[in-house]
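Trainee: Below, each chain spelled out in residue letters.
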Amino acid sequence: MDILPILSTLRRHKTAASLIVLEIALTSAIVCNALHLISQRIDTLNHDSGLPESELVVIGVRGTGGNADPDELTTRDLTAIRQLPGVKSATLVNQVIYGRNSNNTDVRRPADKNSPRYSSSLYAVGEQGLDSMGLKLVAGRDFKPEEYQLGTEIDKQADPTVGQVIINRALAEKLFPGESPLGQSIYGYTDNPSVVVGVVERLTHPYPGKSRHDNEGFSMLLPLRGTFRGGDYLVRTEPAQRDAVMKAATAVIERNDPSRIVTNTKTLTDMHASYYAQDRAMVWLMGGVIVALMVVTAFGIVGLASFWVQQRTRMIGTRRAMGATKGQILRYFQLENFLLSTVGIAIGMAGAFGLSLVLMASYEMPRLPLLYLPIGALALWALGQIAVLAPARRAAALPPVAALRS
Amino acid sequence: MLAYYFDLALRSFKSARALSLLMILALGLGIGACMTTLTVYKVLAGDPIPHKSDRLFNVQIDAGNMIGYESGQEPIFQLSRFDAEALMRARHAKRQVMMSGANVPVQPESTSIKPFFSVARYATTDFFAMFDAPFLYGSGWDAQADASEARVAVITSELNEKLFGGENSVGREVQIRSVAFRIVGVLKAWKPVPHFYDMTMGMTEYEQVLLPFSTAMGLKFGTSGNMDCWGSSNGQGPREMNSPCAWVQYWVELESADQAPAFFDYLVQYSEEQRRAGRFERPSNVRLRNVVDWLTFQKALPSDVRLQVWLAFGFLLVCLTNTVGLLLAKCLRRSGEIGVRRALGATKRDVFAQFLVEAGTIGVAGGALGLVLAALGLWLVQHSPAEYAPLVRMDWPLLSLTLLLALASSLIAGLLPAWRAANVTPAQQLKTQ
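The listed protein sequences correspond, in order, to chains A and B. When the letters of the first sequence are read in order and numbered with our numbering, they come out as residues 1 to 406. When the letters of the second sequence are read in order and numbered with our numbering, they come out as residues 1 to 433.
Derived by calculation from the structure, the hints in this document are not laboratory data. Please note: incorrect hints may appear among the correct ones.
Stated by the list, open to error - Here are the simulated DSS-like cross-link-like pairs (lysine-lysine), alpha carbons at most 27 Å apart as the crow flies:
#1 A:Lys210 to B:Lys191
#2 A:Lys113 to A:Lys14
#3 B:Lys52 to B:Lys114
#4 A:Lys156 to B:Lys220
#5 B:Lys220 to A:Lys14
#6 B:Lys188 to B:Lys94
#7 A:Lys210 to A:Lys174
#8 A:Lys88 to A:Lys156
#9 B:Lys52 to B:Lys42
#10 B:Lys114 to A:Lys266
#11 B:Lys52 to A:Lys210
#12 B:Lys431 to B:Lys348
#13 A:Lys113 to A:Lys156
#14 A:Lys144 to A:Lys156
#15 B:Lys299 to A:Lys210
#16 A:Lys266 to B:Lys162
#17 B:Lys348 to A:Lys14
#18 B:Lys188 to B:Lys162
#19 A:Lys247 to B:Lys94
Computed from a predicted structure; not experimentally measured.
The shape of chain A in the complex, shown without the other chains:
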């Protein structure tokens, strides 16, 4: 079309044109990377813990120095909680995902003392542990009733043995690649080996993605009955009954020993939401920045385009007088904006790539996938065209007699 006249006009307004190009370049560079950051965070937010989160309730209890036997109290608590209406299963576990406790240990095969060690998260559960956590066994079996030991007993012994262990699939594949781990021994807790009796599909670190111990997601379960002093009660129920169960369980616990304090009762879904709250906030922030950037850039384009329309009133009038239609005037301005956007976007894409390299170095982000470049480009092309519409329409509405008036 009339590209050459557009180019020659722009050459006379070099400064303003380069400012629009620069603004579009900066915006597209930032927007591409911001979109990438958002998608990274959303991936984090969708982390699957492997637990039936909507069915679980966590209750934390602390003692105030009373002399009651904590093991006996814990057993009484659990018996009473399991009899509450709506409760499918309940257990005491030393750490809960998204909670405040994390226990880690180094695991190795007993081949020799120098075989490689892997940092693994350590879950100590009592009876109904696997049921309450909703873990799926892919090999082997759950712990047998006679295999559970008291944590307090183990702590008293000089050379204790925990005979059985259940590991997660990730740890099984690392320690025993290509073979069945069932019946094999590992060293993870105490100086004596434990035999692998089962493998669960998925069990993660309690602080997924945020712990220096959580390198490769290895976890293991030990049949060690703890007490309320060193863990939380985990209760599994129907989603609709969670509130009722929390209240009833609290009442039961307070009745069993009024000197204790129930420090927190939360649903696992609430804990999940709090754990990722900051990542969610970051997503909203990035989204807000993208919107604000687009709005500001749009304003800039509208402002400068209106100025140009005003400057070129005579030229537009002349063209109209010589037979140009309204549509042709409109398309002139849109084409001009398209050219400027293209140059700006081209520079911006290079800038986006460079910016992503900086982000990779400083913030351990993966490289910007090339998909985001055309998305950013399309967004800014569309933005430019929409922004220039109003001033272009105003230009098209100028009557031919404007050529004579100055």
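Dock chain B against the given chain A, drawing on the hints supplied.
Mentor: Same frame as chain A, now just chain B:
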């Protein structure tokens, strides 16, 4: 002349209202975003104890065993109880403190308040002088109290309000874990940001009660925070004297920063002694970090906050580019007026000054709007789920920085348009009238 230019600027605002508002809005958004993120950054990256931060040092000694040991790695980041007490006895530095965080049940005298759990700290006598803890009533306990496992406590004014209605409670008793402690001091509201001397308790968990370390250990109270154990505990609890567990924070105050190398050597010497005695297996691996280095090592500034600052400045850059373009449009639109002024005798300098003043006025207006938006932004941050949310607050230096930033950036933005305006040739403008 400035007043006249200011008047001209106001007139031009009125005649190009939409454009001017657009510029002020864009600038305000950019400034607001920058100041919000800068305030958060300052809160988290600031030095919590500037007058002393180069003389306070955190001590790390590698007491671990050889399993999994890699040469050159960081030592375990806290001390075992044995090492902490041994260093305390030697008293090699001007002041030293060993401590741990905890959560203790407080049982108020009056039965109308239910017992509750409170964040606590077990420390030694030097804690208060070392960290300049300000007292409202009374004072800290002395070395004698540490040695005799005295049942004394220091509480914060917040806890004092809750338990005793804010009155001078020195000498009164408070029940902690069913043991009576005598209050010897009440601290003023004191929240070093961040909680640098123990980062394992979470950013907003400030202790409400302080107890002597020896007393807490004697009474077998529990602790909170981080504990790294290695080797076999031989049936002992992790907090026993000889347990192979690291959970104690150890800080020293030296006379001056240049005594640090000598103290470092002392720590290496101690490590070597322990190796000869057969307690330490690893080669000497000692760290002595001052407050600022410690905070950097502990990653006190979340990377998200740094990212947000950069994002805000990128946004400001786009807003400024926007402002330059719009100012240019505004100035060149009035080429006729500039031509008339030049013809009447104004120099290029006068025209330049006029448009610079106009840009500055936009800057001031944008700065004012930016302040309002920054206040809104900080309100949003305070209500956000971030761990540091309650700690964020705007202070006077940042406020003046806001206005300065707005003025400076608008003046820089205005340089190009003002220069272009000054170079308008009067003859050409007058001809086309």
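Trainee: If a hint holds in the structure, say so; if it doesn't, say that too.
Mentor: Each hint, compared with the structure:
no., hint, in the structure
1, A:Lys210 to B:Lys191, "holds, 26 Å"
2, A:Lys113 to A:Lys14, "violated, 73 Å"
3, B:Lys52 to B:Lys114, "violated, 40 Å"
4, A:Lys156 to B:Lys220, "holds, 16 Å"
5, B:Lys220 to A:Lys14, "violated, 78 Å"
6, B:Lys188 to B:Lys94, "holds, 25 Å"
7, A:Lys210 to A:Lys174, "holds, 22 Å"
8, A:Lys88 to A:Lys156, "violated, 33 Å"
9, B:Lys52 to B:Lys42, "holds, 18 Å"
10, B:Lys114 to A:Lys266, "holds, 21 Å"
11, B:Lys52 to A:Lys210, "violated, 32 Å"
12, B:Lys431 to B:Lys348, "holds, 19 Å"
13, A:Lys113 to A:Lys156, "holds, 25 Å"
14, A:Lys144 to A:Lys156, "holds, 23 Å"
15, B:Lys299 to A:Lys210, "holds, 13 Å"
16, A:Lys266 to B:Lys162, "holds, 26 Å"
17, B:Lys348 to A:Lys14, "holds, 22 Å"
18, B:Lys188 to B:Lys162, "holds, 14 Å"
19, A:Lys247 to B:Lys94, "violated, 54 Å"
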